[in-house]
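Same order as they appear, the protein sequences are chains A, B and C.
Read left to right, the first sequence gives residues 12 to 300 (the working numbering).
Read left to right, the second sequence gives residues 145 to 399 (the working numbering).
Read left to right, the third sequence gives residues 7 to 323 (the working numbering).
Hints were generated in silico from the structure; no laboratory data involved.
Mixed in with the good hints, there may be bad ones.
[As the list claims (entries may be wrong)] No more than 35 Å apart at the CA atoms, straight line, and that leaves these computed lysine-lysine pairs for DSBU-like: (1) C:Lys185 with C:Lys200; (2) B:Lys371 with B:Lys170; (3) C:Lys109 with C:Lys200; (4) B:Lys170 with C:Lys200; (5) A:Lys289 with B:Lys204; (6) C:Lys200 with B:Lys173; (7) B:Lys204 with C:Lys109; (8) A:Lys289 with C:Lys109; (9) B:Lys170 with B:Lys204; (10) C:Lys109 with C:Lys185; (11) A:Lys289 with B:Lys371; (12) B:Lys204 with B:Lys371; (13) B:Lys371 with B:Lys173; (14) B:Lys204 with C:Lys200; (15) A:Lys171 with A:Lys289; (16) B:Lys371 with C:Lys200; (17) C:Lys142 with C:Lys77; (18) C:Lys315 with C:Lys109; (19) C:Lys139 with C:Lys77; (20) A:Lys171 with C:Lys109; (21) A:Lys289 with C:Lys200; (22) B:Lys204 with B:Lys173; (23) C:Lys315 with C:Lys200.
[Said to hold, decoys possible] One side only, chain C facing chain B, incomplete, derived with CB under 8 Å: (24) Arg182; (25) Leu190; (26) His193; (27) Gln198.
Glycine included, C-beta positions come from ideal geometry on N, C-alpha and C.
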Amino acid sequence: MFELLAQTGLNAAYAASYISLVAVGLVLIFGVMGVINFAHGELFMAGSYVVVALYADRMVPFFVAVVAGLIFVGILGLIMERALFRPLRDNPLGGLVASIGFLLILQALAVLGFGVRMEYVPPLTQDVIVFADKISIPVARLYVIIAAVVMLSALWYFLKRTRFGWALRASAQDPEAAALQGISVTQTAMIAMFIGAGFAGLAGALTAPLVSVNPHMGHTIIVTAFIVIIVGGVGSLEGAVVASVVYAFVHTFVTTFYDGVLADITGLSLMLIVLIVKPTGLFGSADRA
Amino acid sequence: MTSLLEVQNLTMRFGGLTAVDGLNFKVEKGHIHGLIGPNGAGKTTTFNMISGFYTPSDGKVLLNGEEISGLPMHHVANRGIVRTFQHSTLFGELSVLDNALVGTHMTFRPNIFAAILGLDGAARRNALDRARSSLEFFGLGGLEDELAGDLSHGHQRALGMAVAYASRPDLILLDEPFTGMNPEETRQMMGLMRRLCAEGTTILLVEHDMQAIMGLCDNITCMSFGKFLAEGGPSEIRNHPDVIEAYLGGARHVA
Amino acid sequence: MRNFLIWAVVAVALIILPNLVSFSQQEVLVFLTINILVVASYRLLTLTGEWSLGHVVIMGVGAYASALVTKELGLWVPLGILVGGASAAFIAFLLSYPLFRMKGFYFLIGSFAAGEIIRLLWKRFRDPFGGAKGIKGIDPMPDFSIGIYQFDFFEPVSYFYFSAVVVALCLWILWRIEKSPVGLTFHAVHWQDKLAQASGVNLRSYRTLAFVIASGFAGIAGALLAHYIGTINPNSFDVEVMVFVLTWAIVGGTGTFYGPILGCIVLTILNEIVLRELGLEQTRPLIYGLILILSILFMPNGLESIVQKFTRRKEAK
Numbered sequence: 012m013f014e015l016l017a018q019t020g021l022n023a024a025y026a027a028s029y030i031s032l033v034a035v036g037l038v039l040i041f042g043v044m045g046v047i048n049f050a051h052g053e054l055f056m057a058g059s060y061v062v063v064a065l066y067a068d069r070m071v072p073f074f075v076a077v078v079a080g081l082i083f084v085g086i087l088g089l090i091m092e093r094a095l096f097r098p099l100r101d102n103p104l105g106g107l108v109a110s111i112g113f114l115l116i117l118q119a120l121a122v123l124g125f126g127v128r129m130e131y132v133p134p135l136t137q138d139v140i141v142f143a144d145k146i147s148i149p150v151a152r153l154y155v156i157i158a159a160v161v162m163l164s165a166l167w168y169f170l171k172r173t174r175f176g177w178a179l180r181a182s183a184q185d186p187e188a189a190a191l192q193g194i195s196v197t198q199t200a201m202i203a204m205f206i207g208a209g210f211a212g213l214a215g216a217l218t219a220p221l222v223s224v225n226p227h228m229g230h231t232i233i234v235t236a237f238i239v240i241i242v243g244g245v246g247s248l249e250g251a252v253v254a255s256v257v258y259a260f261v262h263t264f265v266t267t268f269y270d271g272v273l274a275d276i277t278g279l280s281l282m283l284i285v286l287i288v289k290p291t292g293l294f295g296s297a298d299r300a
Numbered sequence: 145m146t147s148l149l150e151v152q153n154l155t156m157r158f159g160g161l162t163a164v165d166g167l168n169f170k171v172e173k174g175h176i177h178g179l180i181g182p183n184g185a186g187k188t189t190t191f192n193m194i195s196g197f198y199t200p201s202d203g204k205v206l207l208n209g210e211e212i213s214g215l216p217m218h219h220v221a222n223r224g225i226v227r228t229f230q231h232s233t234l235f236g237e238l239s240v241l242d243n244a245l246v247g248t249h250m251t252f253r254p255n256i257f258a259a260i261l262g263l264d265g266a267a268r269r270n271a272l273d274r275a276r277s278s279l280e281f282f283g284l285g286g287l288e289d290e291l292a293g294d295l296s297h298g299h300q301r302a303l304g305m306a307v308a309y310a311s312r313p314d315l316i317l318l319d320e321p322f323t324g325m326n327p328e329e330t331r332q333m334m335g336l337m338r339r340l341c342a343e344g345t346t347i348l349l350v351e352h353d354m355q356a357i358m359g360l361c362d363n364i365t366c367m368s369f370g371k372f373l374a375e376g377g378p379s380e381i382r383n384h385p386d387v388i389e390a391y392l393g394g395a396r397h398v399a
Numbered sequence: 007m008r009n010f011l012i013w014a015v016v017a018v019a020l021i022i023l024p025n026l027v028s029f030s031q032q033e034v035l036v037f038l039t040i041n042i043l044v045v046a047s048y049r050l051l052t053l054t055g056e057w058s059l060g061h062v063v064i065m066g067v068g069a070y071a072s073a074l075v076t077k078e079l080g081l082w083v084p085l086g087i088l089v090g091g092a093s094a095a096f097i098a099f100l101l102s103y104p105l106f107r108m109k110g111f112y113f114l115i116g117s118f119a120a121g122e123i124i125r126l127l128w129k130r131f132r133d134p135f136g137g138a139k140g141i142k143g144i145d146p147m148p149d150f151s152i153g154i155y156q157f158d159f160f161e162p163v164s165y166f167y168f169s170a171v172v173v174a175l176c177l178w179i180l181w182r183i184e185k186s187p188v189g190l191t192f193h194a195v196h197w198q199d200k201l202a203q204a205s206g207v208n209l210r211s212y213r214t215l216a217f218v219i220a221s222g223f224a225g226i227a228g229a230l231l232a233h234y235i236g237t238i239n240p241n242s243f244d245v246e247v248m249v250f251v252l253t254w255a256i257v258g259g260t261g262t263f264y265g266p267i268l269g270c271i272v273l274t275i276l277n278e279i280v281l282r283e284l285g286l287e288q289t290r291p292l293i294y295g296l297i298l299i300l301s302i303l304f305m306p307n308g309l310e311s312i313v314q315k316f317t318r319r320k321e322a323k
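So here's chain A without its partners, still in its complex pose (with noise of 0.2 Å):
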C-alpha cells in the first residue's frame, strides 16, 4: 500500500509539474492583459509538435527541439499579442473570443500539416531509478520535473528581482498607473505574453514522449488550466503553482484509485465550488474581471 501511495505520489509531482508551468503562463497573461487566453492548450499544443516535427521526425535532440518549442510557441504568443489582444485591449470578452479563434486556427493547422493521427514520439530514455525496491521514477518524467522547477524559480527571479519584472507586475497591478511611471504597456504585454506562452509551449515540448500528441490534445489541458487557475485565484501566480499541485494529487489519486472520469467530474465540481464560494480563489487577491 504504502508503494502505492508514494508511486501515486511522484505521477502527482510529474502531473503538477507540466500543470504550474501552463496554468502559470495563463495567469500571467492574463494578469498584464487582462485576457484569458483560450487558445493556451493549443499552445501546449504546438509545443508538443515542434518536438514532433525536429526531434521525432528530423533527429533534432531533444534538448534542442525543446528549447525550439519554447521560443516557437513565444513568437506565436507575440503574435497573439500583435495582431488580437492588442487592437482589442478595451474589450476583454472580444479578446477572449479572438483567442477561441486563433485556437480553431492552430487546431487546424495541426490537422493540415499532421493529420488527425496520434504522433510516435520515441521516448527520450527508458532508464528507471528505482527506490526501496518497489517506488520506480521514469528518468523521463524526472527531466519534467526538473525543468519545471528550474524554469518556476527563474520566472519567480525574474519576476521579484529584475526591473523588467517590477515593471510586469506594477502593469498587472494598475495599468494606467504604470503607464505614467513610465512603463510601456505594449512592451510589457509582448514580454508576458512571450513568457505566458513559452512556458505553455515549453511544457507540451517537455511532455511530448509521454502523451498522446494528437491536434485535439489542447482541450483536457485547458480544461485542467482553468481549474487551477480558479481554484488558486485568477491572477495570483503563487495561487497557481499551490492550485496546480492540490489538482495534481487529487487527479492522479481518485485516477489511481477510482477512474479518470471521475477525477475529471471531481476536479471540475472543486473549481464550481470555489466559484461559488470564492469566486477570487483559495489564494488570490486580485483580479482584473
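Chain A is already provided as a structure; the job is to place chains B and C on it using the hints.
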C-alpha cells in the same frame, strides 16, 4: 405618529474605518429633507444603507415603523422607496420612453405567459400611460424616442427622476441631483422637486451644494465625519456654529 | 395585410425550397433549421448580458431526455420533444443557483465547468446514458398524413417541414418575449443592473428566467436533432459545437433578434456550398477561426450592422 422614514443608530464600518457612526434622524411625510455635510461625511454611505445597496453594520432603518434595513434594493423599492444615482445613471442604450417603462416595473409587473399570448394589452397600455405622464411631468414629453444616452445633461437628470417617479413611490432618494448643473438648470430642477413634493412624494436628497438645499428643504440634517452634527430648518442650519465650522470655507457661501 | 402577404410568400418559399436542392443539401436544411433555434435561444440568454459556454450541453440535455423517454418509456415522439425542452429548462433552473452567484467572466467559466460535468456524467454512467458511445437507435418521428401531404420521416424534406413548423413557433414565442415588458426588463438588467434593481427588478429572478427560457428552447432544438440523426453521444455536444454557436452569434451580431440567425444562415451557406464545393471541408475550423477573428476585429457589431446601414440609407432617401 410615526415618521415616514426613521434611521436609528445607523452605523457602517468598512474594515477598520467607520464611515457612518450611530446616525439618527427622521424624515416626515410630505417634506423635502436634505442630508448635507462636507465631502467624506458619510452622506452617500447613509444613502446606500437606506436604499438597500449596503447592509448596515449596526442600527436600523424604519419605513412607517417597519424595519427595512438589510433588505435587498429591489425589496426596498417595492416598499415604496426609490433612489436615483449620481452621474445620471440611466439605460443609455434604450429610448427615453423605455427608460420610463422600466420605472413602471413594480406597478405593472410583466407576466411572461400573458405577454406571449397577448393577454396583457391593458397592462401594457396603462404602463405606457404612466410612463408618458411621468415624462410629461418632467418636461420630457417630446423626447420619447431619443436614446437616453444622447440627451443633454439636464434632461438626463430629469429622466433619472422620471424613471423613479414612474413607480409613484412614497419616498424618492436623490443622490446629489444638482452636481454639474448651471444656475438655470438648478433653478428648474428645484421647481420640479417642489412640484413632485406638492404631488405628495416625500423627498430625501443628499447634496453638498448648500445654496440649492437652503432654498428647497423643509428640514436639514447635517453630518460630519460620519456623525450627526445638527438638524433643523434652513435658517437654523445656516447659522449653526458647528455647521459653519464643519464647512470652514463653505461658510462664506452660507452667509 | 402587407405583413401577412410577406409571411405567406416566405412560407411558400420554404415549402418549395427543399424541392430545389440535392438530398445532402436537404439534410443541411434540417440542421440549419435546428441550429437557428439554438442560436436564437442563445441570444435570449445574452439579452441579460451573460455569455454562457454551456448552451450546447443544455441542448444535449434536451436530446438525451427526449431520446430516453421515447426509447425507454415508449413516449410518443412529439411529447418526448416537449419533455426534452422541459428537462433542459429544469436542469438550467437547478444550475442557476450556483451559476448566478457569478457574473461576467466567472459566469462564462462556471457555465463551461457545469457543462463539462454534465458531459462527463453522460460518459461515466453507461446506464442510462450509454457512456462514451451514447444512445443509438433513437425513435424517429412516426409518419403521419395531413391529407394533402404524407409525412415520411425517412425523407429529410418531411423532417424539414416538421422542424420548420416547430422552430417557427419557437421563434415566434422568443420574439413575443423579447418585444414584451419582460424583454425590456432583460435589456434593463443588462445595461444598468443597479438602476434596474432600484426600480424594483429582482435581478436574480430575471437572469434565471432568461437562462431557463433559453435553455428550454435549446432543449427542444436538441430533441429535434436527436430524433433526426437517431444517435447521440457526449461528443455531439462538445465545446467545438459551442464555438460554432458562438461564432454564428458574434458574426451575425447579438444586437438584434435576426442578427444571430443571419450569422447562422450565412456561415452555413458558406460552409456547405462554398467549402464543400471547393473540397475544403477539412479547413472548416480554420475558416471559422479566421472569420471569428476578423469579425471581432473589424465588425464588432456583426453582420446586422451592415444590414442596418443599408436599411437606414434606404429610409434616408
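Structure versus earlier hints - violations, ascending order
none
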